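Could you build all of it, start to finish, from the sequences and the hints given here?
The sequence shown runs 41 to 246 under our numbering.
By construction, these hints were calculated from the structure, which means they are not laboratory data.
Straight line, CA to CA, 20 Å or less: simulated PhoX-like cross-link-like pairs of lysine-lysine:
# : residue 1 : residue 2
1 : Lys43     : Lys135
2 : Lys121    : Lys43
3 : Lys228    : Lys191
Derived Cβ-Cβ restraints for the label pairs, each shown as a range:
# : residue 1 : residue 2 : range
4 : Trp175    : Asp115    : 17 to 25 Å
5 : Val180    : Ile116    : 22 to 30 Å
6 : Met71     : Glu238    : 42 to 50 Å
7 : Glu238    : Lys191    : 13 to 21 Å
8 : Leu80     : Ala207    : 15 to 23 Å
On a predicted model such as this, the values are computed, not experimentally measured, just so you know. By construction, the Cβ of each residue, glycine as well, lies at the ideal position given by its N, Cα and C atoms.
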Amino acid sequence: MAKLYFYYSAMNAGKTTTLLQSAYNYHERGMRTLILSPALDNRYGAGMVASRIGLKANAHRFGAAEDLQALVAADIAAHGKLSCVFVDEAQFLHKSQVWQLTDVVDVLHIPVLAYGLRTDFRGELFEGSGYLLAWADELVEIKTICHTGHKATMVVRVDAQGCAVTAGPQVEIGGNDRYVSVSRAEFKRITEGHGRVELQQTVLPP
Numbered sequence: 041m042a043k044l045y046f047y048y049s050a051m052n053a054g055k056t057t058t059l060l061q062s063a064y065n066y067h068e069r070g071m072r073t074l075i076l077s078p079a080l081d082n083r084y085g086a087g088m089v090a091s092r093i094g095l096k097a098n099a100h101r102f103g104a105a106e107d108l109q110a111l112v113a114a115d116i117a118a119h120g121k122l123s124c125v126f127v128d129e130a131q132f133l134h135k136s137q138v139w140q141l142t143d144v145v146d147v148l149h150i151p152v153l154a155y156g157l158r159t160d161f162r163g164e165l166f167e168g169s170g171y172l173l174a175w176a177d178e179l180v181e182i183k184t185i186c187h188t189g190h191k192a193t194m195v196v197r198v199d200a201q202g203c204a205v206t207a208g209p210q211v212e213i214g215g216n217d218r219y220v221s222v223s224r225a226e227f228k229r230i231t232e233g234h235g236r237v238e239l240q241q242t243v244l245p246p
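Pasting the structure below:
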């Protein structure tokens with residue numbers, strides 16, 4: 041039976057890497073998939089999703105007002121059977137689009153795997169994440185670690201000096217230079233002005 045899955049985490053937990061590996065597993069078995077990604081996330085160019093470790097794949101960009109059930113149905117009409125639909129950066133979905141994904145599962149009988157952040161830099165739910173948490177059949181946390189060594193569950197937005205930014209628009213596309221995953225305790229410390237984050241991109245040892 042098809043299900044809607046929501047894989048959620050803080051930043052840099054490997055969400056897109058996991059998505060791409062899962063899609064590859066389908067392709068390896070001769071099954072066709074569709075990867076969807078919000079149009080506002082253009083960090084890697086149009087029609088592409090990529091992970092921090094270099095994996096990448098083609099994706100269909102969708103707009104904020106696009107009907108995702110209709111999009112999937114049109115793709116099937118044009119290209120044939122789909123075995124799975126993947127959604128990257130699912131936190132940017134609108135409520136109606138999450139409902140449309142439930143229709144992809146319930147009406148079209150295609151499993152949907154959505155990957156995204158749970159909360160924003162203020163510790164508040166994104167619209168898409170909130171409704172995925174409410175309506176998904178399966179919830180899976182992808183774990184990552186804070187620089188303190190504790191589990192990271194929050195995301196802090198920082199300036200060039202590593203100090204917390206606590207105001208501004210919810211959506212501001214960026215990577216390690218703007219957002220850092222931290223534990224809840226560290227989130228409190230930094231956002232209350234009692235510390236800062238050292239911005240650095242670590243490299244795996246040879």
